[in-house]
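Peer 1: Chains as they are written, first to last, in this note's numbering: chain A, 1 to 519; chain B, 1001 to 1079.
Worth flagging that the hints you see were computed from the coordinates, not collected in a lab. Glycine included, each C-beta is placed from N, C-alpha and C at the ideal position. Watch out, some of these pointers could steer you wrong.
As the list claims (entries may be wrong) - Once the Cα atoms are required to be at most 30 Å apart in a straight line, the calculated DSS-like pairs of lysine-lysine come out as:
id: 1; chain 1: A; residue 1: LYS252; chain 2: A; residue 2: LYS58
id: 2; chain 1: A; residue 1: LYS518; chain 2: B; residue 2: LYS1027
id: 3; chain 1: A; residue 1: LYS54; chain 2: A; residue 2: LYS252
id: 4; chain 1: B; residue 1: LYS1055; chain 2: A; residue 2: LYS128
id: 5; chain 1: A; residue 1: LYS285; chain 2: A; residue 2: LYS252
id: 6; chain 1: A; residue 1: LYS215; chain 2: B; residue 2: LYS1028
id: 7; chain 1: A; residue 1: LYS125; chain 2: B; residue 2: LYS1028
id: 8; chain 1: A; residue 1: LYS292; chain 2: A; residue 2: LYS215
id: 9; chain 1: B; residue 1: LYS1055; chain 2: A; residue 2: LYS518
To be verified - Computed spacing ranges between beta-carbons, pair by pair:
id: 10; chain 1: B; residue 1: ASN1009; chain 2: A; residue 2: ILE377; range: 45 to 51 Å
id: 11; chain 1: A; residue 1: ARG368; chain 2: B; residue 2: LYS1055; range: 44 to 50 Å
id: 12; chain 1: B; residue 1: ARG1062; chain 2: A; residue 2: HIS330; range: 44 to 50 Å
id: 13; chain 1: B; residue 1: ARG1062; chain 2: A; residue 2: SER507; range: 44 to 50 Å
id: 14; chain 1: A; residue 1: HIS330; chain 2: B; residue 2: PHE1047; range: 51 to 57 Å
id: 15; chain 1: A; residue 1: TRP437; chain 2: B; residue 2: LYS1055; range: 57 to 63 Å
id: 16; chain 1: B; residue 1: ASN1009; chain 2: A; residue 2: LYS129; range: 19 to 25 Å
id: 17; chain 1: B; residue 1: MET1022; chain 2: A; residue 2: LYS514; range: 30 to 36 Å
id: 18; chain 1: A; residue 1: LEU303; chain 2: B; residue 2: LYS1055; range: 48 to 54 Å
id: 19; chain 1: B; residue 1: ASN1056; chain 2: A; residue 2: SER8; range: 18 to 24 Å
id: 20; chain 1: A; residue 1: PHE130; chain 2: B; residue 2: ASP1024; range: 44 to 50 Å
id: 21; chain 1: A; residue 1: TRP437; chain 2: B; residue 2: ARG1013; range: 49 to 55 Å
id: 22; chain 1: B; residue 1: PHE1048; chain 2: A; residue 2: THR361; range: 40 to 46 Å
Said to hold, decoys possible - Sample of chain A residues facing chain B (criterion: CB under 8 Å; computed from the structure):
id: 23; residue: THR43
id: 24; residue: ILE70
id: 25; residue: ILE76
id: 26; residue: SER87
id: 27; residue: PHE120
id: 28; residue: ASN124
id: 29; residue: PHE276
id: 30; residue: TYR344
id: 31; residue: ARG346
id: 32; residue: LEU349
id: 33; residue: LYS353
id: 34; residue: THR490
id: 35; residue: ALA504
id: 36; residue: VAL506
id: 37; residue: ILE508
id: 38; residue: GLN512
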Amino acid sequence: MIENVDLSLVDWSRAQFALTAMYHWIFVPLTLGLSFIIAIMETIYVRTGNENWKRVTKFWMTLFGINFAIGVATGIILEFEFGTNWSNYSWFVGDIFGAPLAIEGILAFFLESTFVAVMFFGWNKVSKKFHLASSWLVAIGANLSALWILVANAWMQNPVGMTFNPDTARNEMIDFWAVLFNPVAVQKFLHTITSGFLLGSVFVLGISSWFLLKKREEWLAKRSILIAGIFGLISILTVIYTGDSSARTISKVQPMKFAAFEAHYAGKGNAGLTVFGILKNSEKKIGEKETKEFAMRIQVPALLSIMTGGDSDFYVPGIEDLMGVGPEEHQQLSVSQKMENGKYAREVLTDYKRAKMIKDTAQIRIIRDIFHDRDFIENNFRYFGYAFLKIPEDAIPNVSVAFYSFHLMVLLGFFFLIVCSVALYILFRGTLLKNRWFLWIAIISIPLVYISSESGWVLAEMGRQPWIIQDLMPVSAAVTRLTAGSVLTTFILFAVLFTSLLFAEVSIMIRQIKTGPKH
Amino acid sequence: MKIIPEPFNNIFRFYYDGFMNMSDWGKKVWIIIIVKLIIIFAIFRLFFFNDFLQKNFDNDNRRSEYVLDQLTVSTTADD
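Work out the full structure, taking the sequences as your base and the hints as a guide.
Peer 2: The structure is reproduced here in structure tokens:
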């Protein structure tokens, strides 16, 4: 039935979700990172009793408050979109999302809402220690609520811990712990929150540098750079570490995404890691699909093999291997074969539907048993989504988008490693004010860290196309049969709302930064 | 005689004083929050973002049947 879906509907539904998610992600990482920086600063204030630290804490808390308030409820729109634009998908995921999102809602509401009030209204009304505890609980609560969203997202990248119920057409959670400790979830959580910590740190570095350039608030700026530099350095090192382990997991559970973000077409041992590259169209095709090749690239020999398999001889499969057109000795289960396996699963489900319609109880019983058969689950239902692909090449994501978003994120990540290191180095040498070039770089780093953070999500979501749930459901099968025009209308409404919110945030924040901390 | 227990009264006073003594930026963001929530829940949710399956089908059985139809190849009882 879904074969006749309007492609412009799928594209607009995706564009709308991307717009909402990307705007939402402008607000979230600053909350994740700045909340911890504030808690650290307040801890120093409580331990030292130095009122200057209280002033520093309150200044950053103001910026945190603006960002937190403007960002509140922007994520709820994503849940609206699930029910309206992605109804097949939201039904199919069943209760998998129910538990994590419910926990997220409770955490976000009680922990954040209660203790955020204490953070802002509680100065001089509650004890110093209770106020400090509230600040820490806001930071912990914000990051824990991110955990549950990321667990849900990780399940879409690597669906585990569930079984499909053909009666309800829903997946049912059978192992909560498998969903929670899904390797993709653990790495995604650590990588995402530490990238938020880094973003918060770079934000503080940049604004503190602006104060120094303006020759204002030197005490505040230098102490803030100290805290943000250390916190940022620890964060970026963790981001690099978790990014590396995350990529290794992706190479196993989403090998096509891995091959795409490295633009790795022909599999090989001794595979080099591309540090920087420019892609161009190749004359070679895979089926009907255009391919890319490097116009230029800087590569570290054998590093991709070493990072992926721990050995320079490790064979890293390329897109051609995954499509079944690579060398015979390295061929994997091809997409064509997966399509056949998925189609069989779909036929079984169709037979089940037919048996239910004619109330053929014997057939119903037989097919129910098939859905519990391990062999069927692992070899057929696992590839259910491939049944919806028209041609095998549909399984290849947009290589250029995956490649550039990944490399932009990584290059900027290493740039921030240098920024945090240099900030601390020149701070300890006492030459911060003399190095005005660095202060400018720190300011420019603020938009760059947002670009880097958004690139990570572009990679995560575009790199896994065509899947909304890896191997189980493509976006074309997930979308609700609405008109493309109605989705376009709401796309424009969201674009207007979110742009207004962003404009409001930036303008209120700039005014508060210019005003500076209260004396 | 106290009508409101002391802890509740303290919590109320805490929030009341907090809102009454709010800074300029705090007042601005609260206006933005309220306008935003009205737009999201009273306009978007009511007029543009109905839950498709909730709106179009009476019960979960009908919803399951619809999604099953979407996920399988077209069949009729005569097939």
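Peer 1: With reference to the structure, classify each hint as holding or not holding.
Peer 2: Here's how the hints hold up against the structure:
About 46 Å separates the Cα atoms of LYS252/A and LYS58/A, which puts this hinted pair outside 30 Å; it is violated. With a C-alpha separation of about 17 Å, the suggested pair LYS518/A and LYS1027/B falls inside the 30 Å cut-off, and the hint holds. Proximity of LYS54/A to LYS252/A is assessed by CA-CA distance (about 48 Å); at most 30 Å being required, the pair is judged violated. The suggested pairing of LYS1055/B with LYS128/A is violated, with an alpha-carbon distance near 51 Å, which exceeds 30 Å.
For the proposed pair LYS285/A and LYS252/A, the alpha carbon gap of about 25 Å is at most 30 Å, so the pair holds. Under the criterion of a C-alpha separation no larger than 30 Å, the hint pairing LYS215/A with LYS1028/B is consistent with the structure, at around 29 Å. Annotation: proposed proximity of LYS125/A to LYS1028/B holds, straight-line Cα distance about 23 Å (limit 30 Å). Using a Cα cut-off of 30 Å, the hinted pair LYS292/A and LYS215/A is violated, with the two alpha carbons roughly 50 Å apart.
As the CA atoms of LYS1055/B and LYS518/A are separated by approximately 52 Å, the hinted pair breaks the 30 Å bound. Evaluation of the 45 to 51 Å hint for ASN1009/B and ILE377/A yields a failure: the beta carbon distance comes to about 59 Å. A hinted range of 44 to 50 Å is violated for the C-beta pair ARG368/A and LYS1055/B, which are about 31 Å apart. Taken as a hint, the range 44 to 50 Å holds for the pair ARG1062/B and HIS330/A, whose Cβ atoms sit roughly 48 Å apart.
The hinted window of 44 to 50 Å between ARG1062/B and SER507/A holds, with their beta carbons roughly 49 Å apart. Hint check: HIS330/A to PHE1047/B, Cβ distance near 54 Å, so the stated range 51 to 57 Å holds. Distance hint for TRP437/A and LYS1055/B: a CB-CB separation of about 59 Å, consistent with the stated range 57 to 63 Å. Hint check: ASN1009/B to LYS129/A, Cβ distance near 23 Å, so the stated range 19 to 25 Å holds.
Between MET1022/B and LYS514/A the CB atoms are about 20 Å apart, so this pair departs from the stated range of 30 to 36 Å. Checked against the given bound of 48 to 54 Å, the beta carbons of LEU303/A and LYS1055/B, roughly 53 Å apart, stay inside it. Look at ASN1056/B against SER8/A: about 22 Å separates their beta carbons, and that is inside 18 to 24 Å. About 27 Å separates the C-beta atoms of PHE130/A and ASP1024/B, a value inconsistent with the hinted range of 44 to 50 Å.
Checked against the hint of 49 to 55 Å, the C-beta distance between TRP437/A and ARG1013/B comes to roughly 52 Å, which is consistent with it. Checked against the given bound of 40 to 46 Å, the beta carbons of PHE1048/B and THR361/A, roughly 44 Å apart, stay inside it. Using the Cβ-Cβ criterion of 8 Å, the hint placing THR43/A at the interface with chain B is not satisfied: the shortest such distance is roughly 23 Å. Taking 8 Å as the C-beta contact cut-off toward chain B, the hint placing ILE70/A at the interface holds, the least distance being around 6 Å.
Taking 8 Å as the C-beta cut-off, the interface hint given for ILE76/A holds, the closest approach to chain B being about 7 Å. Below 8 Å, beta-carbon pairs count as interface contacts, and SER87/A has one with chain B at about 4 Å; its hint therefore holds. Here the hint on PHE120/A is kept, as its CB sits about 7 Å from the closest CB of chain B, short of 8 Å. Restraint check, ASN124/A versus chain B: the minimum CB separation of about 10 Å is more than 8 Å; hint violated.
Restraint check, PHE276/A versus chain B: the minimum CB separation of about 41 Å is more than 8 Å; hint violated. Among the interface hints, the one on TYR344/A is violated; its C-beta lies about 12 Å from the nearest C-beta in chain B, farther than the 8 Å criterion. A least Cβ separation of about 6 Å between ARG346/A and chain B falls short of the 8 Å threshold, and the interface hint therefore holds. Checking LEU349/A against chain B: minimum C-beta separation of about 5 Å stays under 8 Å; hint holds.
Of the supplied interface hints, the one on LYS353/A holds, with its beta-carbon coming within about 5 Å of a beta-carbon of chain B, less than 8 Å. Here the hint on THR490/A is kept, as its CB sits about 5 Å from the closest CB of chain B, short of 8 Å. A distance limit of 8 Å between C-beta atoms decides the matter here; for ALA504/A the minimum to chain B is near 6 Å, and the interface restraint holds. Checking VAL506/A against chain B: minimum C-beta separation of about 12 Å lies over 8 Å; hint violated.
This hint holds: ILE508/A has a C-beta 6 Å from the nearest C-beta of chain B, less than the 8 Å allowed. Interface restraint check for GLN512/A: the shortest CB-CB distance to chain B comes to about 6 Å, inside 8 Å, so the restraint holds.
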